[in-house]
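K.L.:
Residue-level listing of the chains:
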Amino acid sequence: MAPSLRPGKSRWRGLGQLSPWLLLVAGLLLVRFSKGAGFADAYALITRPFWPGPAQREWILSARTVEDQSRLQLLEQDNLRLRDLLELQRNGSRQDDVGAPVISRSPRGWWQQLELGKGALQGFQAGDAVLGPGGLVGRIASVTPATARVRLLTAPGHEIGVWLPRSRSHGLLVGRGSSRLTLQFIDKDPNVSPGDLVTTSPASTLLPPNVSVGVIQSLNERAVPSPTAIVQLIASPEAIDWVQVRTR
Amino acid sequence: MARLHRQPICVASALLVPLLVLGSPQWISIDGVGPAWALLWLLPWALTDGPISGAFAGLALGLILDGLSLGGVTQVPALLALGWWWGRLGRRGSQIHRSLNLGLLAWLGSVGLGLSVLLQVLIREGGSLDAFTQSWGWQTLWCQALMTGLLAPMLVSLQLLFWRRRVPS
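Chains as they are written, first to last, in my numbering: chain V, 1 to 248; chain F, 1001 to 1169.
There could be a bad hint or two in this list.
[What the hints assert, rightly or not] Facing chain V, from chain F, some residues (calculated, C-beta under 8 Å):
{"#": "1", "residue": "1022"}
{"#": "2", "residue": "1025"}
{"#": "3", "residue": "1069"}
{"#": "4", "residue": "1122"}
{"#": "5", "residue": "1124"}
Simulated from the structure, these hints should not be mistaken for lab results. Don't be surprised by glycine CBs; every beta carbon is placed ideally from N, CA and C.
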């Protein structure tokens, strides 16, 4: 074959021969700078059938729950010891809880109440706190030997004193007929914000201390004579089949 | 002269009212508010048995239902008045048996009952209600009236049919 008269052409041909290698290097650099994203994603896609199943995840969650429960128990014991030292009411322990089935419920309507399948024979009395999953649901209004009637927190006019742990302020929670209650603050500047937790007062004598009640949804700082807030209950009476009654 | 109140089976049927109130089936409700079961029993009773029996039945039902609900507000005055009114309507002129009439009477009764409850809540709260309580009150009133008015043509007609057969006037 006769040599080419144009040296540039042979240079391009050399580059053309090199181009696969250049592409490979570019690809490798891409892999390097993307932290191996393509490989990792492909690996995830291929190995998806062999990932740890839900059973293993539940096992881990269950272990975590056991850990949380034991930690909670230790904290409760610590709390009771400290309350004894401070000579505060002691009825915050879960040992006093008695489970009771809900045999009739009317969470809406004119009378917002629950009827429980246990009563005075199990030691229930008017004023006992009733707790559902999530926190306080209401208080026992009246008892018969075998049943108890619970006035829900949502019942219009039902008032309880509450505590806001973050801002360390007190308020009066008033039922308004819906699952959103009105919180009336005592201070002019309560220093609260939406999302704050509302609990029973740690020094309460009528209700068990430190029981979660709801979460602040919105704040009306212009209300007269003091600011008010809307509180969403954590425990939903519409969906509760069993409650815990904290006897005194 | 009708004598429904002398038939034990008819009187015993009133026991269904507290049972239904306690059961409060959620599938017969609008936004969790069920019908006024007491009115669905009282309307045919009063139409068939007259004003005195109707008023007495209203009083009895009111006392039972007050016993089953939280205190503070009573249904007795409204039920007593409705029993009397429906009893007088039953005694006057031609018999009321059209579904629409029964539905309308039950709806009016439910509105009256709701207004009496709302009025008592208003008095208890010191003469003024905040926006949330007002909203709850009106919503409960209209939901209950609608449910009662919808169920009345079916349930009240059936009861009237049975009871008028037992005590032909």
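K.L.:
For every hint, state whether the structure bears it out.
P.N.:
Hint check:
Given hint, residue 1022 of chain F at the interface with chain V, holds; its Cβ is 4 Å from that chain's nearest Cβ, closer than 8 Å. Given the 8 Å rule on beta carbons, the hint for residue 1025 of chain F is violated: about 11 Å separates it from the nearest Cβ of chain V. The closest approach between the C-beta of residue 1069 of chain F and any C-beta of chain V is roughly 4 Å, which is under the 8 Å cut-off, so the hint is satisfied. With its C-beta approaching chain V no nearer than about 11 Å, residue 1122 of chain F sits outside the 8 Å limit, and its interface hint is violated.
A distance limit of 8 Å between C-beta atoms decides the matter here; for residue 1124 of chain F the minimum to chain V is near 7 Å, and the interface restraint holds.
Hint violations for this structure: numbers 2 and 4, all remaining hints satisfied.
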